[in-house]
Amino acid sequence: MSPRGLVSLPVPAGPVRLTRRRLIALAALAPVAGAALSACDGASGSSGPDPLIALARAARDDAELIGAAITASPALTDRLTPARQARTDHAAALETEVARLAGGTPAPATPATSTAPPANPTTASVLASLKKSANDAGALVATLPAARVGLVAGVAACCAAYTVVLS
Amino acid sequence: MSGPAQQRASVDQASIDALQDVLETEHAALWAYSLIVAYLPTDLAERARGDSDAHRTLRGLIEQTLSDVGARPVSALPSYKPPTPVTDGPTAEQLAVVAETDTLAAWRSVLERTTDKPLRAAALDALVSGTVRCMQWRSSAGLTPVVPTFPGRTP
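Here the protein sequences come in this chain order: A and B. Each residue of the first sequence is one higher than the last, beginning at 1 in this note's numbering. Each residue of the second sequence is one higher than the last, beginning at 168 in this note's numbering.
One chain only, chain A, in its complex shape (with noise of 0.2 Å):
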């Protein structure tokens, strides 16, 4: 299936300047980014860690949290398996774009203050991980450049939907 299939986008040019009330009328709607924002205000700066590893290892923290999820009980299998293949992905998107800006090649995120998965993970536990992980990721959009930035919020709204999945 053709996904962009209804519109092919003609531009017609704007004057240009005003006060952006009206942009925060469009962001009150937004209660997640709205949190985002003051989360990040003062965190943009270039120095410290890239924070797409931090992103990274918690896609391959929520990957092998489901996986053990599964393991506990594996009539979850169906259920879960989805939802551990996409944070799979997004580990190896995130590794991949981590090395790029770094200029190396991608390596998968290593635990560095390794937290052990629960013992018996359930659906709740990976529900809550989810739930953080696109919090997280939602977090950073504010503040992230053109080139990173879709594919960290696509990483938050994907999270957000599989929370909504197995609710």
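Hints are computed from structural coordinates only; laboratory data are not their basis. Honestly, I wouldn't trust all of these hints.
Unchecked claim - Stretches of chain B that chain A covers, calculated by requiring three or more beta carbons in the stretch to come under 8 Å of a beta carbon on chain A:
| hint | segment |
| --- | --- |
| 1 | 244-258 |
| 2 | 280-289 |
| 3 | 308-315 |
Virtual Cβ for every residue (Gly too), placed ideally from N, Cα, C.
We have chain A; now place chain B onto it with these hints.
Coordinates of chain B only, in the frame set by chain A:
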């Protein structure tokens, strides 16, 4: 010192262009939903109406935003051409998937074309809610994975 200068911000042309583009896809989505409702069984028609309302809200906010920054919002076309003709329930569900996928791509593009924080926040919210709608229609249409792994990414 926080004078009026801090209250003002320019919205650059790239942001305006991105908003016009996403407005186009919102127009198209609304048209799509108006078309498909008639082909869907009651429960799905109900969902389609709800989703249509969500797009109407987004459209209104985009139009208002564009007007406020002095740009004239693009108008809807009289009709759009679905990639597959809608003749029954399944083809109607497919068009819902197309419409939601289109809008996801346009909202992602807004994120990539603006650095305005309120606008990015709004676009992220639209991407999140749109991904859920897309997921539900993909599920109905029997597509996997049900949740798009990279919402808004064009293949």
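For each hint, the structure was consulted:
1. 244-258: holds (count 5)
2. 280-289: holds (count 9)
3. 308-315: holds (count 6)
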